[in-house]
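Enquirer: Counting in the UniProt record's numbering, the sequence shown runs from 1 upward without gaps.
Please note that the accuracy of each hint is not assured.
For lysine to aspartate or glutamate, the following EDC-like pairs were computed, each having C-alpha atoms within a straight-line distance of at most 16 Å [stated by the list, open to error]:
| # | residue 1 | residue 2 |
| --- | --- | --- |
| 1 | Lys341 | Glu171 |
| 2 | Lys341 | Asp247 |
| 3 | Lys314 | Asp61 |
| 4 | Lys344 | Glu210 |
| 5 | Lys88 | Glu70 |
| 6 | Lys344 | Asp247 |
Ranges between beta-carbon positions, derived for each pair [said to hold, decoys possible]:
| # | residue 1 | residue 2 | range |
| --- | --- | --- | --- |
| 7 | Trp183 | Val293 | 27 to 35 Å |
| 8 | Ile51 | Val235 | 19 to 27 Å |
| 9 | Leu187 | Lys239 | 24 to 32 Å |
| 10 | Gly315 | Ala76 | 31 to 39 Å |
| 11 | Lys251 | Trp285 | 31 to 39 Å |
No wet-lab data here; the hints were simulated from the structure. The structure displayed is predicted, hence computed values, not measured ones. From the three backbone atoms N, C-alpha and C, an ideal C-beta is built for every residue, glycine too.
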Amino acid sequence: MTECCSKTAADSIPTESNLARPNPARPNPAKPPRTAAWLAGTLAALAAWGIAYAFLQPAADWATALLPLEPGSHLAEAVAFFLYDTPKVLMLLVLVVFAMGVVRSFFSAERTRALLAGRHEGLGNVAAAGLGIVTPFCSCSAVPLFIGFVSAGVPLGVTFSFLIAAPMVNEIALGLLWALLGWQVALAYLGFGLLIAIVAGWVIGRLHLEGWLQDWVRTVRAGAVALPDQRLTIVDRLKAGLDAVADIVGKVWMWVIAGIAAGALIHGYVPAELLAAIMGREAWWSVPAAVVVGIPMYSNAAGIIPVVEALLGKGAALGTVLAFMMSVIALSAPELIILHKVLKGRLIAVFVAVVGLGILAVGFLFNALFA
Numbered sequence: 001m002t003e004c005c006s007k008t009a010a011d012s013i014p015t016e017s018n019l020a021r022p023n024p025a026r027p028n029p030a031k032p033p034r035t036a037a038w039l040a041g042t043l044a045a046l047a048a049w050g051i052a053y054a055f056l057q058p059a060a061d062w063a064t065a066l067l068p069l070e071p072g073s074h075l076a077e078a079v080a081f082f083l084y085d086t087p088k089v090l091m092l093l094v095l096v097v098f099a100m101g102v103v104r105s106f107f108s109a110e111r112t113r114a115l116l117a118g119r120h121e122g123l124g125n126v127a128a129a130g131l132g133i134v135t136p137f138c139s140c141s142a143v144p145l146f147i148g149f150v151s152a153g154v155p156l157g158v159t160f161s162f163l164i165a166a167p168m169v170n171e172i173a174l175g176l177l178w179a180l181l182g183w184q185v186a187l188a189y190l191g192f193g194l195l196i197a198i199v200a201g202w203v204i205g206r207l208h209l210e211g212w213l214q215d216w217v218r219t220v221r222a223g224a225v226a227l228p229d230q231r232l233t234i235v236d237r238l239k240a241g242l243d244a245v246a247d248i249v250g251k252v253w254m255w256v257i258a259g260i261a262a263g264a265l266i267h268g269y270v271p272a273e274l275l276a277a278i279m280g281r282e283a284w285w286s287v288p289a290a291v292v293v294g295i296p297m298y299s300n301a302a303g304i305i306p307v308v309e310a311l312l313g314k315g316a317a318l319g320t321v322l323a324f325m326m327s328v329i330a331l332s333a334p335e336l337i338i339l340h341k342v343l344k345g346r347l348i349a350v351f352v353a354v355v356g357l358g359i360l361a362v363g364f365l366f367n368a369l370f371a
């Protein structure tokens, strides 16, 4: 008894060795409550989001009725569209970006390069296009990504599949399309967008145009791709989602509001008959015209979706509108200017031609399928 008690007393003295040695009988109570608190807070925030979203339409109707506007007028319709769509699109954007921020915590530029390095064409194009959906890269990242991929031994065609899919078939576009236009449109867009990225990358790879890279890019040599040995907790991944909201939404909210304002003007003032005549299925030239008009423009998926919604509400053909959206996102003039730093003009022309033909095909197919 004495010996046992003395051992217990000695073990209970808070010496440096005892503090350094974990005691399995007394687990650290700090981690579970912290994780539980984050999970509970996330669920509470999601519930509050759902309640607020359900009351958006009544709140917008109430706010519009308070304004000195004639009911049914063009201005009243435009204001009602703006007051309803602004919080709706921003709330959807926050939810989608948070969810994909958590997903993106499983990826990094180094890990993506490692997954694609050594991939052969075909399966490599499919893998690259799939990674382009969930990885946090846009056309602004074209130069460092292109250099990193080429230096890591990723084939040129596989690289193009990734660079086409990343901006065009991104999670924000898919989430907003699903919420605003339905799952059929979102899944069709996903399928055809991936098809463009895969086929266009494969075609460019088959043409063997590595000689059309800028000379300095071809001289780049890279060592082995190092993957950081880092294991993130659930809390870390939730924080990554919040960081993504602060970063992405903080950068694009002005574009979103500008897009909603443009959509509100279209919704309130542009005659449906005029828009249907210009962008309807009957005008075969509307799809190529939409692509030509979209290339010089610059916007992101979040900013262009409200314009798409307004155009469709006025009777524009789905394929024509989505062709316009794809050209704005995937073939924007700023992206082509950035790519000129790593691609020679001939390769940029091939890139625009191949992707443009794919977008035209999607536009005509959508018009046929969703007639």
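Enquirer: State for each hint whether it applies.
Expert: Here's how the hints hold up against the structure:
1. A hinted pair counts as satisfied when its Cα atoms are at most 16 Å apart, and Lys341 with Glu171 does not qualify at roughly 27 Å.
2. As the CA atoms of Lys341 and Asp247 are separated by approximately 26 Å, the hinted pair breaks the 16 Å bound.
3. Proposed proximity of Lys314 and Asp61 is contradicted: the alpha carbons are some 21 Å apart, above 16 Å.
4. The hinted pair formed by Lys344 and Glu210 meets the criterion: a straight-line CA distance of about 10 Å does not exceed 16 Å.
5. In summary, the hint linking Lys88 to Glu70 is not supported, as the alpha carbons are separated by about 24 Å, beyond the 16 Å threshold.
6. Distance check on the hinted pair: Lys344 and Asp247 sit about 32 Å apart at the alpha-carbon level, beyond 16 Å; violated.
7. With their beta carbons about 28 Å apart, Trp183 and Val293 fall inside the hinted range of 27 to 35 Å.
8. The hint said 19 to 27 Å for the Cβ distance between Ile51 and Val235, and at roughly 25 Å that hint holds.
9. A hinted range of 24 to 32 Å for the beta carbons of Leu187 and Lys239 is consistent with their spacing of about 31 Å.
10. At about 20 Å, the beta-carbon gap between Gly315 and Ala76 misses the expected band of 31 to 39 Å.
11. Between Lys251 and Trp285 the C-beta distance comes to about 36 Å, which sits within the given range of 31 to 39 Å.
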